[in-house]
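Number of protein chains: 2
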Amino acid sequence: MRTMKKSSEQSYDQEHQQNELHILQEKKSQLDALLQITQSLSSELNLLRLLQRITAEVKKILEADRCTVFLYDADKNELWSKVATGIRKEIRFPADKGIAGYVFQSGEVLNTPDAYSDDRFNPEIDKKTGYHTRSILCVPLNNKMRETIGVFQVLNKKTGTFTTDDEHLLSAIALIAASAVENAQLYEEQRRSFLSFIETLATTLDTRDYITAGHSRRVALYANEIARIMKLDVTARELLYYASLLHDIGKLGVPEIVLFKDRKLTEDEYEIIKGHALITKNILQKIHFPKKFREIPTIASSHHERLDGGGYPVGLRGDDIPLCSKIMAVADVFDALTSRRQFQDRMDLEKIIHLIDTETGVAFEPYVVYNFKFIPLDRLIMILEFGHTSELDRSDLDKLKNYHLRDIVDIRSKSGKSDLELEIENIFMRYYLRQYRVD
Amino acid sequence: MRTMKKSSEQSYDQEHQQNELHILQEKKSQLDALLQITQSLSSELNLLRLLQRITAEVKKILEADRCTVFLYDADKNELWSKVATGIRKEIRFPADKGIAGYVFQSGEVLNTPDAYSDDRFNPEIDKKTGYHTRSILCVPLNNKMRETIGVFQVLNKKTGTFTTDDEHLLSAIALIAASAVENAQLYEEQRRSFLSFIETLATTLDTRDYITAGHSRRVALYANEIARIMKLDVTARELLYYASLLHDIGKLGVPEIVLFKDRKLTEDEYEIIKGHALITKNILQKIHFPKKFREIPTIASSHHERLDGGGYPVGLRGDDIPLCSKIMAVADVFDALTSRRQFQDRMDLEKIIHLIDTETGVAFEPYVVYNFKFIPLDRLIMILEFGHTSELDRSDLDKLKNYHLRDIVDIRSKSGKSDLELEIENIFMRYYLRQYRVD
Numbered sequence: 011m012r013t014m015k016k017s018s019e020q021s022y023d024q025e026h027q028q029n030e031l032h033i034l035q036e037k038k039s040q041l042d043a044l045l046q047i048t049q050s051l052s053s054e055l056n057l058l059r060l061l062q063r064i065t066a067e068v069k070k071i072l073e074a075d076r077c078t079v080f081l082y083d084a085d086k087n088e089l090w091s092k093v094a095t096g097i098r099k100e101i102r103f104p105a106d107k108g109i110a111g112y113v114f115q116s117g118e119v120l121n122t123p124d125a126y127s128d129d130r131f132n133p134e135i136d137k138k139t140g141y142h143t144r145s146i147l148c149v150p151l152n153n154k155m156r157e158t159i160g161v162f163q164v165l166n167k168k169t170g171t172f173t174t175d176d177e178h179l180l181s182a183i184a185l186i187a188a189s190a191v192e193n194a195q196l197y198e199e200q201r202r203s204f205l206s207f208i209e210t211l212a213t214t215l216d217t218r219d220y221i222t223a224g225h226s227r228r229v230a231l232y233a234n235e236i237a238r239i240m241k242l243d244v245t246a247r248e249l250l251y252y253a254s255l256l257h258d259i260g261k262l263g264v265p266e267i268v269l270f271k272d273r274k275l276t277e278d279e280y281e282i283i284k285g286h287a288l289i290t291k292n293i294l295q296k297i298h299f300p301k302k303f304r305e306i307p308t309i310a311s312s313h314h315e316r317l318d319g320g321g322y323p324v325g326l327r328g329d330d331i332p333l334c335s336k337i338m339a340v341a342d343v344f345d346a347l348t349s350r351r352q353f354q355d356r357m358d359l360e361k362i363i364h365l366i367d368t369e370t371g372v373a374f375e376p377y378v379v380y381n382f383k384f385i386p387l388d389r390l391i392m393i394l395e396f397g398h399t400s401e402l403d404r405s406d407l408d409k410l411k412n413y414h415l416r417d418i419v420d421i422r423s424k425s426g427k428s429d430l431e432l433e434i435e436n437i438f439m440r441y442y443l444r445q446y447r448v449d
Numbered sequence: 011m012r013t014m015k016k017s018s019e020q021s022y023d024q025e026h027q028q029n030e031l032h033i034l035q036e037k038k039s040q041l042d043a044l045l046q047i048t049q050s051l052s053s054e055l056n057l058l059r060l061l062q063r064i065t066a067e068v069k070k071i072l073e074a075d076r077c078t079v080f081l082y083d084a085d086k087n088e089l090w091s092k093v094a095t096g097i098r099k100e101i102r103f104p105a106d107k108g109i110a111g112y113v114f115q116s117g118e119v120l121n122t123p124d125a126y127s128d129d130r131f132n133p134e135i136d137k138k139t140g141y142h143t144r145s146i147l148c149v150p151l152n153n154k155m156r157e158t159i160g161v162f163q164v165l166n167k168k169t170g171t172f173t174t175d176d177e178h179l180l181s182a183i184a185l186i187a188a189s190a191v192e193n194a195q196l197y198e199e200q201r202r203s204f205l206s207f208i209e210t211l212a213t214t215l216d217t218r219d220y221i222t223a224g225h226s227r228r229v230a231l232y233a234n235e236i237a238r239i240m241k242l243d244v245t246a247r248e249l250l251y252y253a254s255l256l257h258d259i260g261k262l263g264v265p266e267i268v269l270f271k272d273r274k275l276t277e278d279e280y281e282i283i284k285g286h287a288l289i290t291k292n293i294l295q296k297i298h299f300p301k302k303f304r305e306i307p308t309i310a311s312s313h314h315e316r317l318d319g320g321g322y323p324v325g326l327r328g329d330d331i332p333l334c335s336k337i338m339a340v341a342d343v344f345d346a347l348t349s350r351r352q353f354q355d356r357m358d359l360e361k362i363i364h365l366i367d368t369e370t371g372v373a374f375e376p377y378v379v380y381n382f383k384f385i386p387l388d389r390l391i392m393i394l395e396f397g398h399t400s401e402l403d404r405s406d407l408d409k410l411k412n413y414h415l416r417d418i419v420d421i422r423s424k425s426g427k428s429d430l431e432l433e434i435e436n437i438f439m440r441y442y443l444r445q446y447r448v449d
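Heads up: the protein sequence lines correspond to chains D and A, in order. Note that the working numbering has the first sequence beginning at 11, numbered continuously upward. Note that the working numbering has the second sequence beginning at 11, numbered continuously upward.
Check each hint, because a few of them may be wrong.
Given that identical chains are not distinguished, each listed pair holds provided it fits within a single copy or across any two copies.
Straight line, CA to CA, 27 Å or less: simulated DSSO-like cross-link-like pairs of lysine-lysine [what the hints assert, rightly or not]:
1) Lys302 to Lys86
2) Lys301 to Lys167
3) Lys37 to Lys70
4) Lys154 to Lys241
5) Lys86 to Lys296
6) Lys361 to Lys302
7) Lys99 to Lys86
8) Lys107 to Lys301
9) Lys271 to Lys167
10) Lys301 to Lys92
11) Lys383 to Lys361
12) Lys302 to Lys70
13) Lys302 to Lys92
14) Lys301 to Lys154
Hints listed in this document are in silico derivations from the structure and should not be mistaken for laboratory results.
All chains should be built: construct the whole structure from the sequences, respecting the hints.
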């Protein structure tokens, strides 16, 4: 409202114009801020950093002293500070407390010039942090389903109190922030859902076949070790991990009378078993995998292909076999041979390595086998004993971690062993030959 | 640039001020437009309508004659008009053609005052549509992974050519639009992925057990019919559908020697079979379901509970049994009894209905059975004959669609049937008793 009077019309006009100019200049800065924020939307992949940029921009443009994004934690029914300018420690409080709690519950915008004269204000956080809150502007963060997922709060406007324009601007920015938060949460949900589905599919196998229970998981862990040593990138390793979890899913299509036969298989029965690779492919091809995992059916179903073309289901040769399948092939045979079967201990490690060496260049890719032998012994034990890892002695593992699979094979074949070598061998073999009570 | 000269300093100042005022007023409208657009972000759930609101706003604020959002179709390597002001027909062209194609490929902003003097311009669309393009401003739509997913294009600025400010504003709006498109695509991907996973899990059962192949799918379809007649909402129906697809997944944990036994089961064997309900729950509890589907494990595993508390796995009574499980129970028994087994036709429909009636109020919820009998005959046949639906005669189905399951039971028990009733009975029974070649 204008309160001053001017004698001359002209100077009144001039002042009016300047006043308007001032308001418009503010609008321009606000537009620039909003443009900046939308720009961050695309240049910042990381949600935390994105919200940090948004809050920094908001603090500046609204001339606020502090700016906080509180998100709702449904498990604890609390609001917590995902991002807060000027504060390092997380702030956390019940989701119905204070101005923020009120805004969260009601979904209303709240603009109060004097917090302490508002009954809804919760002074406890000021007490805790030593801050003195004066003015508060707080707006809800709403997702697409119109659920409130948090609040966006600014404190203590430097030049007075927050205006209606500030409310509109912060509401708009809150929508952008909420959309970014929702997007990130959606990605995370999708990832968790995806992983749990794959693990469930993989463990349906264990439900049926307790003898080889855990096989898929261990193959995935061995394969991941080899891929890590070969320095494959994160996407390729994820792909390999999931494909490994699912590689034997086709065994669900093999009758138990054949699958669990404890005597020698007839040729026909062996052909039926071999069918599992193709069934794996057929089952997995029905899944609509996200783009980066489209190759899972092919990779998973090629784990019995051989370099010399004598494998199945296709009989691929050499470089026609996907690298991930070559890694899985070595991991698969190693787990099969090191598994404890009913009434049967693990096969001798020397015998296993000899078997793999004999097939290297014929069935297995030499470079993969080479890298496989660099799996550190502590990790090897953790995978061999997967399911019993809580019973492993941390200090034993620490002693093993600088030795690799190929070292233990060397040490075992040596005649004159050093004390340290003897200790490493003893620790490793104690776990390798360990007996468990049959559950 | 200023080209006019003024004699008096004052009037120069005034004009300068007015000019600035004009620019700032434009900024203000732009801010308002951007605020409007972010507002639509939350109020518009539907992607198409959201983009329509955004393009309408952009057309106005940039004083453009036309405004189009082109999205990339990866399968065809084309750009297509998801939304276009003033045009009803879809525009589609190769993803490397024209100004839009250039912007899509390069990721650059392109602002051309005269399209026809730019070599990259593709005049074919003008020829096709009868439009005359003059000025073009075209900006890329980038997602979070910095992949270009389409372009945002405005044509023919009414007051001249597009400015640098227009470029900035459209770029900001394009980011908002891209984020909305990405979000919608993410939802869709998630939905498809989820569905395909559930179907895959469900069909792993069929892989093993070809005799009851399709059972889970048919139970899901019957259950959905009942839920539709009971007017359950979309979320409840989806929940029921997915839970039904998965209800027997626990049978993967039942040994084949018991599951496929063709003689009478011993009491012990029957106990093993009953274990499948609990195994279903255990398997499904490992899946991280989206919030609205959290009840799937409970619902799916309660399909053998009975109103009188004599069911399994828990022995729940009456209203403690989830409604969806009660629906599934009726669907499950109906499909089990109407399935063709090896060397065996479907059971008599009268016998089935009698069996269900006898158990109503004891095992089955009366209200569910009541609604179940209102399944229209055409849909009943389509589910009974699922997998053979292409062999059904459309005109037969049309004749059946005004009769319900309970009508056919009535008609069959009647002595004096009308000609129409005779025809309905004949059609229905022809499909019900149909024989198929064993594949």
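Do the hints match the structure? See the list:
1. Taking the closest pair of Cα atoms, Lys302 and Lys86 come within 27 Å of each other only across two copies (19 Å); inside a single copy the shortest separation is 35 Å, beyond that limit.
2. In this assembly of identical chains, the alpha carbons of Lys301 and Lys167 never lie at most 27 Å apart, being 47 Å within a copy and 39 Å across copies at closest.
3. In this homomeric assembly, Lys37 and Lys70 come within 27 Å of each other (Cα to Cα) both inside a single copy, at 14 Å, and across copies, at 19 Å.
4. Taking identical chains as interchangeable, the C-alpha atoms of Lys154 and Lys241 lie at most 27 Å apart only when they sit on different chains, with a minimum of 26 Å there against 40 Å within one chain.
5. Taking identical chains as interchangeable, the C-alpha atoms of Lys86 and Lys296 lie at most 27 Å apart only when they sit on different chains, with a minimum of 22 Å there against 38 Å within one chain.
6. In this assembly of identical chains, Lys361 and Lys302 lie within 27 Å of each other by CA distance neither inside one copy nor across copies; the values are 38 Å within and 53 Å between.
7. In the homo-oligomer, the alpha carbons of Lys99 and Lys86 lie at most 27 Å apart inside one protomer (18 Å), although the nearest pairing across protomers, at 51 Å, exceeds that limit.
8. For a Cα distance limit of 27 Å, the shortest separation of Lys107 from Lys301 across copies, 25 Å, qualifies, whereas the shortest one inside one copy, 44 Å, does not.
9. For a Cα distance limit of 27 Å, the shortest separation of Lys271 from Lys167 qualifies neither inside one copy, at 78 Å, nor across copies, at 78 Å.
10. Only between protomers do Lys301 and Lys92 lie at most 27 Å apart by alpha-carbon distance; the minimum there is 22 Å, versus 31 Å within a single protomer.
11. In the homo-oligomer, the alpha carbons of Lys383 and Lys361 lie at most 27 Å apart inside one protomer (15 Å), although the nearest pairing across protomers, at 67 Å, exceeds that limit.
12. In the homo-oligomer, the alpha carbons of Lys302 and Lys70 never lie at most 27 Å apart, since the shortest distance is 40 Å inside one protomer and 40 Å across protomers.
13. In this assembly of identical chains, Lys302 and Lys92 lie within 27 Å of each other by CA distance solely across copies; the values are 25 Å between and 30 Å within a copy.
14. Taking the shortest Cα distances, Lys301 and Lys154 sit within 27 Å of each other both inside one copy (25 Å) and across copies (15 Å).
Of the numbered hints listed earlier, those contradicted by the structure are 2, 6, 9 and 12.
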